[in-house]
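Undergrad: Listed below, chain by chain, are the residues.
Protein chains: 6
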Amino acid sequence: DFLHALENDIKPAFGTAQEMLENMLSRGVINWGQPVTSLLEDGMLYVQQAKATESSGLVSVLIEGAPNSGKSALAARLAKMSDFPFVKVCSPEDMVGFTESAKCLHIRKIFDDAYRSTLSCIVVDNVERLLDYGPIGPRYSNLTLQALLVLLKKQPPKGRKLLILCTSSRREVLEEMEMLSAFTSVLHVPNLSSPEHVLGVLEHAELFTRDELMSIARNMAGKRVYIGIKKLLGLIDMARQSDPQHRVVKFLSKMEEEGGLDMIARTQ
Amino acid sequence: DFLHALENDIKPAFGTAQEMLENMLSRGVINWGQPVTSLLEDGMLYVQQAKATESSGLVSVLIEGAPNSGKSALAARLAKMSDFPFVKVCSPEDMVGFTESAKCLHIRKIFDDAYRSTLSCIVVDNVERLLDYGPIGPRYSNLTLQALLVLLKKQPPKGRKLLILCTSSRREVLEEMEMLSAFTSVLHVPNLSSPEHVLGVLEHAELFTRDELMSIARNMAGKRVYIGIKKLLGLIDMARQSDPQHRVVKFLSKMEEEGGLDMIARTQ
Amino acid sequence: DFLHALENDIKPAFGTAQEMLENMLSRGVINWGQPVTSLLEDGMLYVQQAKATESSGLVSVLIEGAPNSGKSALAARLAKMSDFPFVKVCSPEDMVGFTESAKCLHIRKIFDDAYRSTLSCIVVDNVERLLDYGPIGPRYSNLTLQALLVLLKKQPPKGRKLLILCTSSRREVLEEMEMLSAFTSVLHVPNLSSPEHVLGVLEHAELFTRDELMSIARNMAGKRVYIGIKKLLGLIDMARQSDPQHRVVKFLSKMEEEGGLDMIARTQ
Amino acid sequence: DFLHALENDIKPAFGTAQEMLENMLSRGVINWGQPVTSLLEDGMLYVQQAKATESSGLVSVLIEGAPNSGKSALAARLAKMSDFPFVKVCSPEDMVGFTESAKCLHIRKIFDDAYRSTLSCIVVDNVERLLDYGPIGPRYSNLTLQALLVLLKKQPPKGRKLLILCTSSRREVLEEMEMLSAFTSVLHVPNLSSPEHVLGVLEHAELFTRDELMSIARNMAGKRVYIGIKKLLGLIDMARQSDPQHRVVKFLSKMEEEGGLDMIARTQ
Amino acid sequence: DFLHALENDIKPAFGTAQEMLENMLSRGVINWGQPVTSLLEDGMLYVQQAKATESSGLVSVLIEGAPNSGKSALAARLAKMSDFPFVKVCSPEDMVGFTESAKCLHIRKIFDDAYRSTLSCIVVDNVERLLDYGPIGPRYSNLTLQALLVLLKKQPPKGRKLLILCTSSRREVLEEMEMLSAFTSVLHVPNLSSPEHVLGVLEHAELFTRDELMSIARNMAGKRVYIGIKKLLGLIDMARQSDPQHRVVKFLSKMEEEGGLDMIARTQ
Amino acid sequence: DFLHALENDIKPAFGTAQEMLENMLSRGVINWGQPVTSLLEDGMLYVQQAKATESSGLVSVLIEGAPNSGKSALAARLAKMSDFPFVKVCSPEDMVGFTESAKCLHIRKIFDDAYRSTLSCIVVDNVERLLDYGPIGPRYSNLTLQALLVLLKKQPPKGRKLLILCTSSRREVLEEMEMLSAFTSVLHVPNLSSPEHVLGVLEHAELFTRDELMSIARNMAGKRVYIGIKKLLGLIDMARQSDPQHRVVKFLSKMEEEGGLDMIARTQ
Ligand SMILES: Nc1ncnc2c1ncn2[C@@H]1O[C@H](COP(=O)(O)OP(=O)(O)OP(=O)(O)O)[C@@H](O)[C@H]1O
Ligand SMILES: Nc1ncnc2c1ncn2[C@@H]1O[C@H](COP(=O)(O)OP(=O)(O)OP(=O)(O)O)[C@@H](O)[C@H]1O
Ligand SMILES: Nc1ncnc2c1ncn2[C@@H]1O[C@H](COP(=O)(O)OP(=O)(O)OP(=O)(O)O)[C@@H](O)[C@H]1O
Ligand SMILES: Nc1ncnc2c1ncn2[C@@H]1O[C@H](COP(=O)(O)OP(=O)(O)OP(=O)(O)O)[C@@H](O)[C@H]1O
Ligand SMILES: Nc1ncnc2c1ncn2[C@@H]1O[C@H](COP(=O)(O)OP(=O)(O)OP(=O)(O)O)[C@@H](O)[C@H]1O
Ligand SMILES: Nc1ncnc2c1ncn2[C@@H]1O[C@H](COP(=O)(O)OP(=O)(O)OP(=O)(O)O)[C@@H](O)[C@H]1O
Ligand SMILES: [Mg+2]
Ligand SMILES: [Mg+2]
Ligand SMILES: [Mg+2]
Ligand SMILES: [Mg+2]
Ligand SMILES: [Mg+2]
Ligand SMILES: [Mg+2]
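Chains as they are written, first to last, in the working numbering: chain C, 1 to 268; chain A, 1 to 268; chain G, 1 to 268; chain Y, 1 to 268; chain Z, 1 to 268; chain H, 1 to 268.
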């Protein structure tokens with residue numbers, strides 16, 4: 001029948017892990033300040049721990065932060081830096097329209113594959129979407145929740161090592177679901193929060209002249225800055241399209257419009 | 001069995017995108033005032049941004065406004081003006097009676113097709129209906145919600161560009177569903193809100209004589225006007241059927257009856 | 001198996017539209033007062049509008065009123081008076097025991113058929129039953145609700161005209177479901193509310209003698225009358241069975257028992 | 001598989017209507033007082049009305065009362081007295097373990113069969129069980145409710161007559177479900193409520209001697225009596241098993257234990 | 001597939017009724033006091049009533065009491081004492097993991113079989129588990145509830161006699177489900193509630209010496225005793241394993257720990 | 001189809017009980033204090049009781065405690081010490097992504113197998129995960145709950161002995177589900193709660209020098225200690241990776257960070 005036809009038309013073509021990591025890192029990882037350095041250092045510590053022969057075989061880390069803060073890119077970067085022979089990405093983007101049971105089977109398969117390898121790293125991206133979290137109700141897939149709660153604590157077989165890197169922008173939801181305590185550790189990805197952070201990214205973008213950068217710096221001085229790296233890169237894209245003489249104004253006004261720049265201090 | 005027979009009888013015959021856009025634009029886009037001009041200008045900016053090679057590959061815009069305000073026609077107009085080689089319309093009108101899983105598969109297929117094209121534009125019409133939003137409960141399809149939340153943020157493959165234009169008359173519902181933040185930008189479509197706006201449309205309709213128009217203008221002077229373009233065109237239709245000497249009165253009384261014309265100011 | 005056998009035994013044998021309209025009009029439309037005249041006039045105006053070549057192609061009217069007030073008969077009468085070549089009745093009586101998905105497919109098929117005809121009229125009878133509305137909960141079929149919300153606003157293809165006549169005795173429920181605003185217009189069918197209305201029907205029934213009618217008139221004078229035409233015709237049936245000398249008393253006492261006749265004013 | 005085997009093992013063997021009516025009337029209808037006479041008279045009036053050629057073709061009566069009050073027996077008695085050529089019993093006892101959809105199909109089939117006959121009578125026994133009413137929640141089968149709401153109002157085809165007799169001990173539940181207004185009329189079956197009522201049944205039972213009956217009468221004098229006929233017949237059964245000299249005491253004490261006999265007045 | 005394999009592996013091997021009754025009576029019925037005598041006497045009365053030719057054909061008894069009070073054993077004992085040729089046990093232990101629909105079919109089959117026999121007795125053990133009662137929510141199987149509500153009141157065919165013995169430790173839950181009124185009678189199984197009751201069981205166990213028994217009696221004197229027979233037999237088991245000189249102390253301390261022995265009066 | 005393929009790809013490869021017990025005991029059972037000794041002694045008492053020929057055939061023990069307190073390891077240790085010929089582990093780790101019905105069938109199969117053996121021991125690990133307990137709602141699998149409630153009380157066939165060891169970190173949830181009373185006994189596994197407990201484990205780990213241990217002891221003196229054995233072993237792993245001179249500081253700061261070491265007393 002029709003539904004069957006549709007279904008067969010959509011053969012899930014899961015990208016290779018390599019391609020997926022590249023995609024998550026499409027614009028690289030710009031070192032816009034101390035928080036980026038610390039996070040990568042801490043992350044590498046867990047990578048080492050996961051590798052160590054004497055330790056327990058399982059390390060699971062939650063990488064959480066505001067939407068657009070760069071969580072997925074950082075998880076991908078750590079996965080690449082780990083140099084583990086087996087790396088897999090478990091992402092809701094590959095499971096659009098899956099029933100919760102198909103989702104669970106797919107997740108399980110990724111872990112089952114990992115258990116067969118000596119050194120494995122699994123990136124579980126956007127956990128709240130994997131859980132089908134819908135705020136009205138609220139609703140979520142309990143089947144997937146139960147699967148993750150078990151998999152996050154399940155030791156790989158004797159002699160195997162597994163590093164799990166999860167990302168989420170709904171830390172409080174995971175807490176309510178009693179999932180937070182299932183992680184070995186939690187890393188927080190902050191938004192850019194000072195004019196210096198922003199200027200670092202702008203310089204790296206090579207769009208504005210030295211004078212323009214100074215003008216932007218003057219404008220941001222004393223103001224509250226709070227913006228995710230992905231959003232900021234988007235604003236730079238937009239500024240790049242506008243005509244050169246309005247670029248600075250355009251950029252600054254959009255920053256304010258999007259709530260990234262405030263005259264008065266605000267609490268997130 | 002019977003159900004199977006029924007189902008096979010109803011082979012979804014999806015119209016071509018071209019036909020669907022024409023249908024949405026059946027009565028053109030009348031420039032009844034400054035808001036129409038601005039909205040189209042802003043819209044074209046996003047079209048440019050979506051096309052630009054240096055930018056991120058994904059622009060998603062929500063076009064929201066009151067029922068009958070002209071959202072679908074404006075989305076269709078922008079899609080046509082974009083001149084993108086691949087344009088698809090994803091509309092609940094094509095999915096009447098679909099289960100939520102059939103709906104998701106159909107939506108997913110449209111996006112999968114788009115990812116295979118270099119420059120694609122998808123019009124997602126009437127999002128609250130796609131989500132099966134029912135105010136008693138409330139109820140909605142979480143499967144579809146999760147699919148849209150992922151698809152609105154999923155980057156097309158390297159080198160591909162995707163512009164997503166969504167329409168909705170339930171902005172506050174999308175907000176509650178945490179979907180609003182998944183859009184790059186939001187454009188608001190206003191109702192006609194001054195006698196001048198209405199007169200612009202009436203002139204364009206070539207139904208009333210100059211004297212009749214002046215009489216209508218006098219009648220509306222100082223009153224609160226608030227009506228969607230689709231509703232207004234309907235009233236003109238009706239007036240066209242009534243006999244010539246009562247046309248003006250008929251038109252004005254229907255305007256009041258439908259709440260489009262008020263002696264005292266009202267807030268929407 | 002057994003269920004399958006049962007299911008196949010019940011081949012839905014949908015009556016022809018002609019038969020169904022006749023059935024709805026089994027006892028004709030008695031002109032018991034001004035409200036009947038006005039309602040038919042207003043109704044014919046929408047019929048004209050639906051036919052007109054210049055207009056938008058879609059007119060949808062809700063005919064609502066108390067249970068037994070004659071909604072279905074009036075919808076059928078308008079459908080017949082329209083003289084449209086294609087007329088279909090969409091009634092819950094044809095869908096007893098259907099799953100919500102079978103219901104939706106059936107409804108959709110009726111509309112799909114109509115779109116293929118130039119001038120079509122669809123009578124959607126008893127909308128609250130089509131929606132499986134159950135007051136405890138409340139419960140309803142969201143699948144059917146979504147289908148109707150879309151179909152009530154979906155333009156027929158270019159050049160085709162569609163008139164939709166819906167009936168319901170639960171206007172407030174449709175309002176809560178945000179379905180009311182999907183109609184082009186709403187017509188209210190009132191109950192009989194004065195002794196004159198009742199006497200008109202009694203005369204038409206040719207059961208009582210002139211003296212009996214006068215006696216009934218005297219008895220009803222000054223009292224509150226509120227009864228649906230279908231209920232009233234039922235009471236006359238009953239009176240017809242009782243022996244001639246008690247007929248008047250029987251009729252009047254049953255009127256009171258059923259709440260159709262009150263000594264003191266009551267609000268519905 | 002196992003379930004399938006079980007299911008096939010249980011071929012629903014619906015008894016003939018004749019057998020089912022006999023079963024419902026197993027202990028006859030004892031005329032224990034005026035309420036029984038009136039109820040049967042009123043009932044026969046509806047039977048006549050259903051038969052009359054001039055009337056509308058459909059009469060539906062709800063026979064409601066406390067548990068054990070004799071509703072099913074009275075419905076069966078009326079159905080037999082009607083002398084209609086087609087009589088069917090629609091009882092939850094034939095549908096134990098049916099899914100709601102199988103229940104609906106079975107109900108529908110009974111009605112479909114009736115529509116093919118000129119004069120039909122359907123006894124729908126124990127409506128609250130047909131509706132799967134469970135007081136915790138509450139829960140009920142909306143599919144069955146919708147089916148009954150439609151079938152109770154659906155006219156049989158032209159020229160056919162249908163009498164529907166429903167029984168229920170949960171009138172207030174039907175009211176909440178807005179089913180009450182779908183009936184043409186409602187008949188209330190009372191419990192026995194005076195010593196005379198009880199004595200009438202006891203005499204009919206031919207168990208007690210004249211002296212014993214007088215002793216029982218003296219004992220009940222001035223007390224509140226409230227018991228269903230089925231319960232009362234059960235107590236007589238029990239008394240019949242006890243040894244003759246304790247029979248009267250046993251009977252009276254059980255009456256009190258079961259709440260059928262009270263020193264002080266109680267409201268049901 | 002896997003699930004199918006599992007399912008087929010588990011062919012429900014329902015024990016014979018004889019074996020099941022023996023199992024329920026594994027430790028016999030110790031006459032620990034007057035309550036046991038009375039309960040068995042009352043029970044036999046219902047057995048007689050069920051057999052009597054003149055009576056109605058159906059007697060249904062609920063045997064309810066605290067967990068571990070001995071309900072199942074007493075029901076089995078009555079069933080054996082009835083000497084009915086057809087005896088069946090309907091127990092949740094035979095339906096572990098069954099869907100509610102499989103449960104209903106199994107229950108129904110047992111009753112259908114009984115209707116074919118002249119004198120039948122069905123033991124329905126642990127009704128709250130048959131109903132899948134889960135206190136959080138609460139949840140229960142409405143399908144099973146409806147089936148039981150009907151089967152408990154359904155007369156066997158003419159000339160057949162049926163005795164139904166149900167056990168439950170959640171009387172108040174059955175009450176809420178309106179199931180209590182469906183029984184002909186209710187028998188309450190009490191816990192042991194005086195030192196004499198306990199001593200009776202201890203003597204029967206032949207574990208303690210005369211001196212030990214006296215020491216236990218002295219210890220319990222004046223204290224509140226409240227313990228189920230199954231729990232008490234368990235404590236004796238445990239005491240039997242401990243070394244002889246600590247037996248008495250061990251027994252008494254465990255009694256207190258389990259809440260079966262209290263210094264101060266408590267209400268259950 | 002795709003789902004089928006996935007499903008078949010994942011043939012559940014249940015480990016042997018031996019392997020599973022070894023896995024649960026991967027790091028042995030360190031005797032860090034009196035609580036460990038007592039718990040094992042008490043546990044062995046139940047093992048003896050389960051074996052005894054005179055006793056009832058069924059002993060079921062709940063081993064409950066905070067997350068990471070060592071419940072699973074202790075259950076496995078008792079199971080091994082029991083020396084029962086048949087030992088099986090029933091763990092959610094083997095049922096990731098199973099539907100509730102597949103879960104139930106798997107659980108049932110383990111018990112069915114056990115009933116065929118003379119002396120059986122079943123370890124049911126992590127009951128709250130078997131029950132699919134999700135705190136938002138809350139949600140749980142009632143099918144599994146009902147299965148466990150029955151299996152925990154079901155006597156093995158005559159002559160067979162069964163010992164059930166369950167673990168859970170949500171005692172209060174089991175209580176709410178009325179499961180607690182289904183166990184013969186409950187054993188509580190405490191966290192380490194004094195500096196001595198911790199030092200015992202550290203010495204056993206052979207990581208720190210004598211001086212380092214003394215420095216750690218000084219640091220913990222007077223502070224509130226509360227940490228699970230699994231967490232503590234994890235911290236030692238981490239300390240093992242850091243460079244020798246910062247090891248002590250690292251260990252102590254992580255202890256505080258994880259909430260295992262507090263300046264001020266806290267209540268769990
Ligand atoms: N320091 C940085 N940290 C993270 N991402 C960076 C950094 N510098 C540049 N990027 C780029 O910014 C983008 C971050 O987007 P990413 O999808 O990782 O954000 P996110 O927090 O996962 O968003 P979402 O909340 O939508 O999941 C990537 O394209 C990445 O290449
Ligand atoms: N300036 C305008 N803007 C939008 N639509 C216009 C304009 N001028 C004329 N139209 C016509 O008005 C109609 C607008 O209807 P449209 O379906 O787009 O409204 P909508 O807001 O999408 O309604 P709904 O809330 O029902 O989805 C179209 O037929 C369109 O051709
Ligand atoms: N003026 C009238 N208006 C409507 N119906 C009339 C009129 N005169 C006579 N009738 C007859 O009265 C009956 C009205 O019943 P109808 O089923 O239309 O009522 P309804 O409001 O749809 O009832 P329900 O609430 O049950 O759907 C029909 O048999 C119709 O032939
Ligand atoms: N006057 C009477 N009215 C009704 N039933 C009577 C009367 N006299 C004797 N009976 C007998 O009493 C019994 C009434 O039981 P019946 O099943 O009809 O009660 P019910 O109200 O339907 O019970 P339930 O609430 O369980 O459905 C029948 O066996 C019937 O033969
Ligand atoms: N007087 C007695 N009454 C009942 N059972 C007794 C008595 N004397 C000994 N026993 C034994 O005590 C045990 C009672 O257990 P039984 O399973 O019947 O209790 P229960 O109340 O059904 O428990 P549960 O609440 O778990 O269903 C049986 O093994 C039975 O043989
Ligand atoms: N005394 C001890 N008691 C328990 N476990 C110990 C002990 N000493 C060392 N261990 C080791 O500590 C670990 C305890 O982990 P285990 O999985 O049993 O904890 P748990 O309480 O079941 O955790 P969870 O709450 O995640 O189920 C095991 O690896 C075990 O070998
Ligand atoms: Mg991300
Ligand atoms: Mg629109
Ligand atoms: Mg009607
Ligand atoms: Mg009855
Ligand atoms: Mg029991
Ligand atoms: Mg554990």
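Hints were generated in silico from the structure; no laboratory data involved. All C-beta atoms, glycine included, are put in the ideal place defined by N, C-alpha and C. Keep in mind that a hint or two might mislead.
Ranges of calculated distance between the beta carbons of each label pair, as one might list FRET restraints [what the hints assert, rightly or not]:
hint : chain 1 : residue 1 : chain 2 : residue 2 : range
1    : C       : G15       : G       : T53       : 19 to 29 Å
2    : Z       : T53       : Y       : E22       : 39 to 49 Å
3    : Y       : E256      : Z       : K51       : 17 to 27 Å
4    : C       : R116      : Y       : P135      : 50 to 60 Å
5    : A       : E196      : G       : G259      : 46 to 56 Å
6    : G       : G259      : Y       : P135      : 51 to 61 Å
7    : Z       : G28       : H       : V186      : 24 to 34 Å
8    : C       : E175      : Z       : P244      : 17 to 27 Å
In silico DSS-like cross-links for lysine-lysine, where the CA-CA straight-line distance does not exceed 27 Å [to be verified]:
hint : chain 1 : residue 1 : chain 2 : residue 2
9    : C       : K109      : A       : K109
10   : H       : K158      : C       : K158
11   : A       : K250      : G       : K230
12   : H       : K154      : C       : K153
13   : H       : K254      : Z       : K250
14   : Y       : K223      : G       : K231
15   : Y       : K250      : G       : K230
16   : C       : K230      : C       : K158
17   : H       : K230      : Z       : K109
18   : Z       : K250      : Y       : K109
19   : G       : K230      : Y       : K154
20   : A       : K109      : G       : K154
Undergrad: What hints, given by number in increasing order, does this structure fail?
TA: As far as the earlier hints go, 1, 2, 6, 8, 10, 11, 12, 13, 14, 15, 16, 17 and 18 are violated by this structure, in ascending order.
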